[in-house]
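All chains should be modelled from the sequences, with the hints used to inform the complete structure.
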Amino acid sequence: MVSLVGTTQYATQLDVTRNVRLLNLQLSRQNQQLADGRYADGLIGVSQRAQELGNLKSEIGTVNNYKSAVQQAQNRTNLYALTIEEIIDIATEAQDTMIKNRDPYFAASAAPDVQANLLLDRIGGLLQTKDGDRYLFAGTNYTQNPINGTISDLPAIYPANAVPGVDYNPFAAFTVPAAFPGTSLYNTANDFYINPTAAAPGTYDDFYNSAGTTLYTDDNEQLSYGVSAAEGGFQILVDAILRFRDATQDIAGNPDNYQVRVDQARTQLNEAISSLKSIASRNGYKQQQLTEVMERHDRSLDVLKVRVGSIENVDIGEVSVNIKNLQTTLEASYVITRDSLQLSLVNFLR
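In terms of this note's numbering, the sequence shown opens at residue 52 and continues consecutively.
If you are wondering where the hints come from, they were derived from the structure by calculation, not from laboratory data. Note that the structure is a prediction, hence the values are computed from the model and not measured. Just so you know, not all the hints are guaranteed correct.
[Stated by the list, open to error] Keeping only pairs whose Cα atoms sit at most 27 angstroms apart, straight-line, the calculated DSSO-like set for lysine-lysine is:
1. 356 / 108
2. 181 / 118
3. 108 / 328
4. 108 / 118
5. 356 / 181
6. 328 / 151
Encoded structure:
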């Protein structure tokens, strides 16, 4: 009889011990969930919604890829904005230079041609701005330098004693290389500042592509942005300063004609500044578009993360209740184990 009772108590004790181990494991997992806020077994814990969770995380990856491309475009449009603003400042400086040097007697000792060349090279340097290995102002031909050497090295285009409106006409910007010589005195594309010797055949025309770069901002949604060094505003600006520089040939020999030529160059410079402001405005519109696209992607990410959280995250209140119930059950199990051990000792002493 004693042996039977001892065996039964031992079996009960084993059952209680196994139950305590299981309860402790469950309690550990519940505590982990309470600490992490997520299911302890990851996808296993939400297997019935694992495919949905995978799709949502894939969508998050796609949106982040689009965001990365848009961020890069934003950085470039910001560079465009800063560079164009600086070029407009140089154009304004050129206005002041022309006004101050309109008097041929003052200009005779002020070296306005040197001042003009410095302005040209500053503009040329800015139009060669790069983002990494990419020439920002090269149109769709962004692996090639859009500028033909140093602009100040261009020889005199408008000769001495040339009369505006008689010997040369108002400048009209070239829209494609084939437009040379147009209404100006530039004989060929090689005589102007846009690089005519692009490394890849056929890419010279791409310098004139002001549409710039096109990127996908979302599925089936594209946005183009970019500014080309060959755009009309830059051409008009460079030519206006060249006209001013070349007019200095008349300072000593034909001072009256010098003044006429300076006035004509300044009129063209005003046109250039107006055109540059339009380019800046267009780029600003692209900046706004990219900002709106980025904000839309941010909103999409917020929604996707909430949906992922609804699958992965546990109900903290429910977990807290489970922990309390497990702790209560464990306490009861410990009591049973204690009583069982006491009873076993009594039987043994008998």
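Structure-based check of each hint:
1. 356 / 108: This hinted pair holds, its Cα atoms lying about 8 angstroms apart.
2. 181 / 118: holds (22 angstroms)
3. 108 / 328: Judged against 27 angstroms, a Cα distance of about 44 angstroms means the pair is violated.
4. 108 / 118: holds (15 angstroms)
5. 356 / 181: Measuring from Cα to Cα gives roughly 37 angstroms; hence the hint is violated.
6. 328 / 151: holds (24 angstroms)
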